[in-house]
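J.: This is what each chain is made of:
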Amino acid sequence: MTEASTARIYGLHIAVVAVLFALNFLLPDYHHGLFARILVLATFAMGYNLLFGYAGLLSLGHAMFFAAGLYGSGLAITNLGFGVVAAFIAGLGCGALLSLIVGLLALRTSGVAFMIVTMMFAQAVLLTIVYFNQWTGGDQGLVLQQASRILTVGGASFDLTAPAVRYLAALALFAIVLFLTLAIVRSRFGRVLVAIRENEERTRMLGYDTFANKLAAVVLSGVFCAAAGAAYALLFGYVGSNFASVQYSILPLLWVLAGGAATTLGPVIGTLFIYYVTDIASSYTSAWLLIVGVALILLVLFAPKGILGAVRKRWIGWLP
Amino acid sequence: MTGKGRFFDLTNGKASRRTVLKGLAAGAGLAAAPGFVRYAQAQSSAPIKIGFQAHRTGIGAAYGRWYERTTAAAVKAINAAGGINGRPIEIVVEDDGTDAARGAEVVAKLANQHKVDIVYGTLFSNVVVGSAPTAGELKIPYYVVSEGYHVASGKLNRYVFQPGITDVRAQVTSVAPWIAANAGKKVTMIFPDYAFGYDHRDYLPPALQKAGAEVVAKIAIPPTESSFTKYFPQIPSETDAIYHVMVGPAVLTFVKELGDFYGSSGPKLFGFIDSLEAVDINSPGLEYLDGSHFWEGSPRYAQADDTEAQKAYRAAVGIDDNGAAVADAKDVSTAAHMFGCWETLYVIKKAMEDAGYTGPGDRAKLVEATEALTEFAEGPEHPQGKKLFNGKIHQCFGHQNISKLEGGKLKVVHKTTIEDGMYEPEADYTKQSL
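Chains E and A supply the protein sequences, listed in that same order.
Take the first sequence: its letters are residues 14 to 333, numbered as in this note's numbering.
Take the second sequence: its letters are residues -8 to 425, numbered as in this note's numbering.
Worth flagging that the hints you see were computed from the coordinates, not collected in a lab.
Fair warning: there could be bad hints in the mix.
Unchecked claim - For each label pair, taking beta carbons as the anchor points, the in silico distance ranges come out as:
#1 A:344 <-> E:177: 35 to 45 Å
#2 A:217 <-> E:118: 21 to 31 Å
#3 E:118 <-> A:225: 25 to 35 Å
#4 A:404 <-> E:102: 57 to 67 Å
#5 E:297 <-> A:344: 28 to 38 Å
#6 E:114 <-> A:423: 35 to 45 Å
#7 A:395 <-> E:118: 52 to 62 Å
#8 A:73 <-> E:313: 49 to 59 Å
#9 E:129 <-> A:220: 25 to 35 Å
#10 E:39 <-> A:225: 58 to 68 Å
Heads up, the beta-carbon is just placed ideally off N, CA and C, and yes, glycines get one too.
Generate coordinates for the entire structure from the input sequences, incorporating the hints supplied.
T.: Below you can see the structure in the form of structure tokens.
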């Protein structure tokens, strides 16, 4: 990788974050709020992409990691009286612990079995949340009151329910995870993950501990997803079991496939694309799922590697 | 009724924060200008926009369809009588997919993109709970028709109201004495293991105990379950009555398997009609329910003693004597709940008129005016019956119906008093800031 291409890659990512920062001042109210949500969910998708896109491990249970962050932070606030920062860290901790346990067990399988095992773990997490409904609120969920969502840093207080603060907090999380992902995929560890994706046997034969590398990928992916979940709880004030349902395991897969798997910016493009197709279509017809489905079919037909995957293949080969 | 949203509504939305500041300055200047009186008059006759958060898709779609029809009928009636403060109502519908996360986005979309005055109409409690923080943050009044205890519990916020339908805690508390006196002293509960079931699980046992009966078993059915026979051996043999509140498409299987399990004998049955809303009570497989009793908010079948207001309401909404659509006898309504839409819209009308509501700037006044309401008299605006309203917990209290299924129809055999369902309030939203 030349210095010129490194500068070009970092320049592009900085420009994307700069554009998103500028949008804070330009977007109309509704889209301003929607973008904040999309940035958090794009972070979730980036976490998923690290495992699916780069390490080639297709999980159908990533909702459990998002939910670990969501409930880890939400319950810490409602039951333990944690502040925003401590609750966010609690969410990250729950995600790290869960992903470590799931990784240790699920990575004993591969391929279709890995998909099924991760889906089963996620279902177990969902049913656990529903079972302990006295604390979790079950499917109805919990509300985090506005007063508990004030971030205090030093002497300054930031109300996370204020639109601009919420947007910038979501953008900060997105930017941190984006650059961490970029650093990871450009590191030696990232290249080992791609090698595992392409040919695990050969990678092992070259002397790499593929299990340890995959486990690290699962944990990193789980922590990124948990960060998104914790941020969702703190920024939007709702903690509900639907976020642990299979729907939220499928959605990041769709977002990543639509935007382009194994591209750093694909997840945010895919999340934006699916979100806006859904939002616009549902304004015109109750058959909006059909329109979303048709859009996905067209995407698969004409851009099977996703939007950025197609762009990388045809025009910009240096996209990471 | 309109349901069309616009993408990037730049005419109504703001292009930038700076533009808003300029706009405010310009607006202040305009207000002081001589031509402003004419502008204000034009505004005063503009429609009041009510955002309807509808379950058009997802598990709540059957309810959503009838909530929309009832809403359309009520709006037609209100507009024909002069609207609210002389302004017609315009309903703006957005589908929330019966999804909590989407629900919050829909509230934001209705408030910020469609620029509605208030948001209304949500049924499923997970959507209400998921949307409430957004309504509170945007400071937009949010009138739900959900029957969950979530509003009265004090866990939501000052902008959320439930003035047109009673909550499950009150319903359960009301019917418990009748169950104890008529169905049996030992009751087994079978309920879905999710939010709707929890209100029943938590409030029926103390209400029955107060009435001299007891719950001998609580059987929670996971939401993913599709077969129920394996749960029936958990029903204690001493059970006099089974209290069932199963909801969703599996209810037909549930009833059939229960019938197969008990044959021609078995405990008495008492159910909540929620299980069978929008379902023909004479569907194959439901024969086992014959002779059993149900709670109904408002009766599905026309009753011999229906008031003129009830008759007029049924005609306006378009349901026949069997509670199905006049145009399609197979299209069974959600009569036990949808009256709440009709009554909530009239509460909104009353509160807006009391507040002298002119636009979004009066939302705080509207909240206070709603909290100041105390009673809604039975009549065309409240055909289900008289209601009392507690402004501190934002919840109404009313009569409940207990109906017996016989001859393929539900006949009301007991009507509870309002006082039967009253409980000690656990919250006071009026202490929260606006």
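J.: Against the earlier hints, flag every one the structure doesn't satisfy and list their numbers going up.
T.: Those not satisfied: there are none.
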